[in-house]
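2 protein chains.
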Amino acid sequence: MITIALAKGALLKDSISIFKKAGLDFSEALLIDNRSLTIYSKCGNAKALLVRNGDVPVYVSYGQADLGIVGYDVLQESESKVAKLLDLGFGGCHMSLAVKNNSGYSKPTDLPANCNVASKFVKTARSYFENLNMPVEIVHLTGSVELGPITGMAEAIVDLVATGKTLKENGLIKIDDIYYSTARLIANPLSLRLDNTPLRDVILAIELCNENKN
Amino acid sequence: MITIALAKGALLKDSISIFKKAGLDFSEALLIDNRSLTIYSKCGNAKALLVRNGDVPVYVSYGQADLGIVGYDVLQESESKVAKLLDLGFGGCHMSLAVKNNSGYSKPTDLPANCNVASKFVKTARSYFENLNMPVEIVHLTGSVELGPITGMAEAIVDLVATGKTLKENGLIKIDDIYYSTARLIANPLSLRLDNTPLRDVILAIELCNENKN
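Chains A and B, in that order, give the protein sequences.
First residue of the first sequence: 5, per this note's numbering; consecutive thereafter.
First residue of the second sequence: 5, per this note's numbering; consecutive thereafter.
The reader is advised that the hints may include incorrect statements.
Note that identical chains are pooled: a pair holds if it fits in a single copy or bridges any two copies.
Think about it this way: if two alpha-carbon atoms lie no more than 25 Å apart in a straight line, the pair counts; the simulated SDA-like pairs of lysine to any residue are [unchecked claim]:
| # | residue 1 | residue 2 |
| --- | --- | --- |
| 1 | Lys169 | Asp37 |
| 2 | Lys85 | Arg204 |
| 3 | Lys85 | Cys119 |
| 4 | Lys172 | Ile36 |
| 5 | Lys46 | Cys119 |
| 6 | Lys124 | Leu208 |
| 7 | Lys51 | Thr146 |
| 8 | Lys124 | Leu16 |
| 9 | Lys88 | Gly147 |
These are computed hints drawn from the structure, not numbers from a lab.
So here's chain A without its partners, still in its complex pose (with noise of 0.2 Å):
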């Protein structure tokens, strides 16, 4: 049986009907009363795990899942060693650096050396101030990193920005993007290599749909 990492949230829709498109039906896991972390494809010949997006790449690399959907840019934080199949182009939000829009900044190296980032990114964020040769101090937060310049304990913030309504509304304006975040398709490296015909169809299948959209 294939085992399919999925991440809970903003993927979770378009990642189960992508798989619905290859034959693997999951849309259980829409329902809003689901609380199972663990659902049957209609066929009966793959599930899927619903975790958190950081887990996907723990999962697949540790071989629980064969394959996985996970944004770039947890890939990008991730350690954990998995083959890299297909972009999806679902899901897709910039990495931004982002100061407030009274600092008076407009590019990154407006910034004060040695001033605080603060960021859920800590890779990301460090990688990026390292290739502009700029010392800055990264503060990882776990969660509402917008605060971190609103309080005065960070010059600016590298985060994931969709619309760019949350920037808006806590008075922050975008200078820079890193990168564009996607969905991506992932696969343990020893499932792929000891390939058994139903993982490979699926990963084909994928492939497909995803040509035909594009």
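Following the hints, position chain B against chain A.
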């Protein structure tokens, strides 16, 4: 003005109740339709930042909050430097080691060497097994840790257990308690040293409420 970092979630109600007894009323934060992350006390002398559990020590250590209330479990994982003032007694739950109830393991040393242990509390789990001199691999998950043993990814989990309902629902059983976690009052060390009377007054008032309660 005194700034206080409060954890959203399970500790919020009791945290607000203890500050109310100490003369600072943030009960606005408990209104169902409250979306604001910054709440001013009714007297206007203090403000509360509503942040994620794990972010409370960060705001306090950076001095954006003078005081904070947070679980002992979070302090154990955090690397932030804060002054630990009081055990407030509420929000009690055990940090426990649990396994599948049909696993046959009844104590930690029954676990096979080099097995996987899933946890959100990586530092706690690592130091627990180091003290037992047992080599295990800690798998860092961010949510639904009980899926670790269910999927076969991990032999055991280290997690917070309040009522034990989640363990039971997932066929897991507790085989050891690591510590008992309760809410703690923490402070920024510099705020304490630069002590201005209002801050000391609030701390003394909380201390008094706490003593009367015990």
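Taking the hints in turn, this is what the structure says about them:
Taking the shortest alpha-carbon separations for Lys169 and Asp37, only the inter-copy value of 19 Å comes in at or below 25 Å, while the best intra-copy value is 29 Å. In the homo-oligomer, the alpha carbons of Lys85 and Arg204 lie at most 25 Å apart inside one protomer (19 Å), although the nearest pairing across protomers, at 51 Å, exceeds that limit. Within a single copy, Lys85 and Cys119 get their C-alpha atoms only as close as 33 Å, which misses the 25 Å cut-off; across copies the closest is 19 Å, which meets it. Taking the shortest Cα distances, Lys172 and Ile36 sit within 25 Å of each other only across copies (23 Å), while inside one copy they are farther apart (31 Å).
Neither within a single protomer nor between protomers do Lys46 and Cys119 lie at most 25 Å apart by alpha-carbon distance, with minima of 53 Å and 34 Å respectively. Proximity of Lys124 to Leu208 under the C-alpha cut-off of 25 Å is found in neither arrangement, the shortest distances being 34 Å within a copy and 35 Å between copies. For the identical chains of this complex, Lys51 and Thr146 are inter-copy neighbours only, at 21 Å across copies versus 30 Å inside a copy, given an alpha-carbon limit of 25 Å. Taking the shortest Cα distances, Lys124 and Leu16 sit within 25 Å of each other both inside one copy (21 Å) and across copies (22 Å).
Within a single copy, Lys88 and Gly147 get their C-alpha atoms only as close as 27 Å, which misses the 25 Å cut-off; across copies the closest is 23 Å, which meets it.
This entry does not satisfy hints 5 and 6, going by the numbered hints stated previously.
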